[in-house]
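Position 765, counted from 1, in the sequence shown is what our numbering calls 765; the numbers after and before it change by one each time, with no gaps.
The reader is advised that the hints may include incorrect statements.
As the list claims (entries may be wrong) - Capping the alpha-carbon separation at 20 Å, the derived lysine-lysine pairs in PhoX-like fashion look like this:
no.	residue 1	residue 2
1	288	255
2	189	727
3	1019	994
4	1027	994
5	12	188
6	994	12
7	1027	188
8	128	294
9	1049	1019
10	12	189
11	255	294
12	38	316
13	128	288
14	189	5
15	189	866
16	288	244
17	1044	189
18	316	346
19	429	727
20	994	1044
21	469	429
22	840	866
23	244	255
24	128	255
25	214	244
26	5	188
As the list claims (entries may be wrong) - Here are the computed distance ranges between Cβ atoms for each label pair:
no.	residue 1	residue 2	range
27	160	934	49 to 57 Å
28	764	612	33 to 41 Å
29	764	978	48 to 56 Å
30	1160	502	52 to 60 Å
31	373	108	45 to 53 Å
32	614	1142	51 to 59 Å
33	108	4	30 to 38 Å
Read the hints as simulated data drawn from the structure, not as lab findings.
Positions of the beta carbon are idealized from the N, C-alpha and C atoms, including for glycine.
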Amino acid sequence: MIELKALQAQVKSLVDDLRGQVAEAPELRAELRQEHAKAQAAERVGASFETWLEDVLDQAAVAWVLGCVFVRFCEDNELVDGLWIGGADPAAPAERAVQHRQAYLIANPRHNDRHWLREAFGYLRGLKATGKIFDEHNPAWRFDISGPAAEELSDFFRRGAGQESLRRDDLNTRFLGDLYQDLSMHAKKTYALLQTPEFVEEFILDRSFEPAVKEFGLPATSVIDPTCGSGHFLLGAFHRLVRKWQDREPATDVKDLAERALGQVTGVDINPFAVAIARFRLLIAAMKVCGLTKLERTPAIPVRVATGDSLLLWDKYRSRAQGDLLAAIEGKEVFAYESEDADLLKDYLAENQYTVVVGNPPYITVSDPARNQLYRSIYPTVCHRQYALTVPFAKRFFDLAKWSDDHGEGAGLVGQITGNAFMKREFGKKLIEDYFAHEVELAEVIDTSGAYIPGHGTPTVILVGRPNKRRRSSTLRTVLGVRGEPSTPENAAEGFVWQAIVTQIDNPSSESDWVSVADLPRTQLAAHPWSLSGGGASDLVGVIEGVGPRMAQLIELPVGRAIRAGADEAYMRPLHRALRSFADQRALRPLVIGEVVRDWTSAPEDAIWYPYDSSLDERGLSDELWPWRQLLAQRRTFQGSMADAGLRWWEYHQHTASAYRTPLSIAFAFVATHNHFVLDRGGKVFKQSAPVIKLSEGATEDDHLRLLGVLNSSTACFWLKQVSQSKAGSGIGRGIQPEAWMDRWEFTGTKLEEFPLPSTYPLERARELDGLAQRLAILTPAAVAASEVPTRQRLAEAEREYHSVRARMIALQEELDWEVYRLYGLVDEDLTCASPPELKLGERAFEIVLHTSGAQTEWFNRHGSKPIDRPQPHWPAEYRSLVERRIAVIGSNRHIGLIERPECKRRWSTEGWEKMQSAALRDWLLDRLEAPELWGGQPTPLSVAQLADRLGSDQDFRAVLELWVGHDNYNLTKTLSQLIADEHVPYLPAQRYKPSGLRKRAQWERTWALQRREDAGEKVEIEVPPKYTSADFARPSYWRARGKLDVPKERFISYSAAGRDSDGSELLGWAGWGHLAQAQALATVYLDRKTQEAWPAHRLLPLLAGLVEIEPWLRQWHSGEHPAFPGSPAEFFTDFINAELSQLSSDRSALTLLRGVPEL
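Let the sequences and hints guide you as you build the complete structure.
This is the structure we're talking about:
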């Protein structure tokens, strides 16, 4: 097969070429703008034109590449008489193809390789069999690639990396499935492209297609895959139908049978090139069945596959009138893109017509706000909160199947493999409780999250059912997960878990090491969340839940109350760092995110502007956030925009004031491998990844600690994992998580509200653990460095105590866990110790059991611990005996055995002292490099060599640098260069961004220009510009400093190639300078290089381009008179730029090219 990376490079190159072609074709660009505007009006897209255009161009580029693949396949397999491209296969040699090309170009001297490729496409379009693949909807006809690009594309397939023969003796087109999934990385991300493995497709067809044929009869069978992708389900159904027809009518011509079978199979996909592949694969499959070897002699084959959005109601008009969402109004149609088969979709996607509906719908959420809202309005009964596409597609699959009659008979069958997040996340509540529980009849729910299914990392479930709500069976077959796949199998179809599913599915009450099968009462799956755990887990949950009250009865509801900024990066700033700002920095508060809540404490790394701070000047915050004003103003709420919800644009998207009314809160990690809760004593802001629990206003610290102790227990961890959603396990591809403790879980507030509490609490141990955690926090290298100069002696003393405190915490946590078992009635005897010895990782009872069991595990290696096989001899005899009793209980008590496992026991995972110390020393050194004494006064850039000169006599700096380096034999300038290497961002856009980033920068600059016009009183329409990705920045460090919203968080500005000729080190400025200071610094450098270094124009112009970069901000913030300038700074620098350009015999167009930002 042709190497995918080489094909991806071709797609990327063609997108760049097409972008240029569209820019030079005003009629096409106007046509595209009109199409985008219509799509926006129809609520099918909310993205800006430029962002939408990138999707369109990507599809066009893929169409050209895929067209060449189809041509090459036909040539190499001698399916056509002609030869256009050729390659390495002897049946279609490149030399003969080149001769044909040359003859064509001689006969058509005004044509180029684009026309020649279209000759090939046109030939296939003219054939009855392939006409639909290259019809008018194919983007290759609408979008011209340049002659050179067409020549490069042809040469790629003819002589380059794409020349490999595509001959397949059996005409196998499976390789096209790989192309579908990976040809375009942009499309893969946009559409969540994923081909269904054949063994999964076969299983689902066995459970849905086969029963449907028996029930409805072969002639009445009809199959649709509304998310058909490259056509795996369609091909599987087609081959089954052909075989059944041959068995039924052996004397009938196979061509007639194949045509009949094709007429019974329908596919739809939103992705045009997926549809092209599916059509081509079905065509080739039909030819093979019929024994046809030439396309010229192949009749028109009725392939029922169409391009379009399956979630839209193509046969109905969607009225905007409330209460009339699905009103059918004659003459009104859904807006269709040029690539969509609107007329076919009205037929293919009519409800209540198929006996079989199968597929693998996308699992992603819809990022485009307009599409998101459109789907929500079409499927209001199931779309809930931040729903994933699995939800509306679940309903759509059932809608397309034949509905049951009044007696509950005649319903079609639905089979789908889908993301299982709806089972436990809040967005699945309506789907489960309102739809699955009452509107349809689920027959089988199969937990496949533990099976290894190649592809991506989303845990899955297989659902089989019927659109029937009358006379439903009282039970449904469930396959419950017990254990995940232990390692990646050589053949996924032979994996332990998958094989267990296949062999046990028809044996209710069967149980293995991997799954258990049960016919559960339908009512048991009528409430959200679903728990599909086997192996006795549900029994243990029942015991835990039978103890005492739910947490909701003892706290102030709701759990959560964290802020949702809606655009976090706009508000976030580095913690403990000097920075320039318009707003009062007292309104910056430490931001607690879930990732920093660990092991009874939290360690915020960032600060966030808190718009509700009483000391905050609203004008200052408004100015601070002005660059992101349009994006912030258009954040979507349930009422519409921020203004529609009565919120000012600079406020948080969501803010619960009660979370900050009292200082005490219990915060927790929303996503983590284990449960992490911490008592916070006030002054911080909590992100949604670190929700909070609030007790009543008069609750004491001990009241909080009582609850904290239970929540941080292993029992709580077990219960939470039974009712919570796994973020990724094995699932379809993340590789595979071979051990359950590696999985990350989502612990939501609604689940926690239902957490059952014991009648008494482990207060004393919780209080002691909380105190030790506070002590541990001030012993970290970062805390030492923040309080004083981090000397070798201070760090060594802190390290010794740090390890001791941590060992005490590990021991105390173990006692707390075993105390809580007794509180929940899981053990009868007291198995705790009042004064346990310090413990290292690897020495806990469950770890001894794990090690001695011989289980293959990475637990010890991953946590840097040494396993032991018996209680340690240096422990007190009483404690040794206690651990032995615990080991015995783990083996004899099934409930305790389920909890005393790595997946429920605290990991105590840290980076290790050395890494923490290195990071702390580095931060201390960088903070010192930003000291006011280095950058105060007249803004003047300094080279790294100059910084070295100034710091050479700083004894503290040199001592800490020596600790960081690890020796005293270093070159100060070189070492500073290494230290600063990832801490600066260039002053010119052309140096910061890749071409894709420059295009996005252009959209942001257009937005800023329109905002300025809006500020001047003009009424303008402003689109929200696109966010950046890591692929938009020239270096990963620039991306880390700027992020999705390009917020400057770097420490230094770099002026590449602007240093003195005698100084080869990097020239830097302080990123804390405001716009005026930056302009002054650049002007200083410019005048020095012009007068002292006598630089020529081509070296000076980039510096002026840097001033042009700042110029709009000077006009915005410094247009008034200033005592240091004759008039306003803005006017001064504009005049300065113009005057210098005149002296250099240049103009602003040259500076535009140097900045690299295209004009829109």
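Q. Do the Cβ positions of residue 108 and residue 4 conform to the proposed distance bound of 30 to 38 Å?
A. This hint holds: roughly 34 Å between Cβ atoms.
(Q) Run the distance test for residue 1049 versus residue 1019: straight-line Cα separation, threshold 20 Å. (A) violated, 33 Å
Q.
Holds or violated: residue 1044 and residue 189, Cα atoms, limit 20 Å.
A. holds, 16 Å
(Q) Between the alpha carbons of residue 994 and residue 1044, is the straight-line distance 20 Å or under? (A) Holds, because 14 Å separates the two Cα atoms, which is no more than 20 Å.
Q. CB of residue 764 to CB of residue 978, is that within 48 to 56 Å?
A. holds, 50 Å
Q.
Just to be careful, I want the Cα atoms of residue 469 and residue 429 compared with a cutoff of 20 Å; is the pair within it?
A. At roughly 19 Å apart (the allowed maximum being 20 Å), residue 429 and residue 469 satisfy the hint.
Q) When you check the alpha-carbon spacing of residue 840 and residue 866, does it fall within 20 Å? A) Holds. Residue 840 to residue 866 sits at ~9 Å (cutoff 20 Å).
Q: Confirm or reject the claim that residue 614 and residue 1142 have a C-beta distance inside 51 to 59 Å.
A: holds, 52 Å
Q) Is the hinted pair residue 994 and residue 12 satisfied, with a Cα-Cα distance of at most 20 Å? A) holds, 13 Å
**Q.** Pair hint outcome, residue 1027 versus residue 188 [Cα-Cα no greater than 20 Å]
**A.** Measuring from Cα to Cα gives roughly 18 Å; hence the hint holds.
Q) Regarding the pair residue 38 and residue 316, is the alpha-carbon distance no greater than 20 Å? A) holds, 18 Å
Q: Could you grab the alpha-carbon distance between residue 12 and residue 188 and see if it respects the 20 Å cut-off?
A: Given pair residue 12, residue 188 holds - Cα atoms ~13 Å apart, limit 20 Å.
Checked against the numbered hints above, the structure breaks hints 3, 9, 15 and satisfies the rest.
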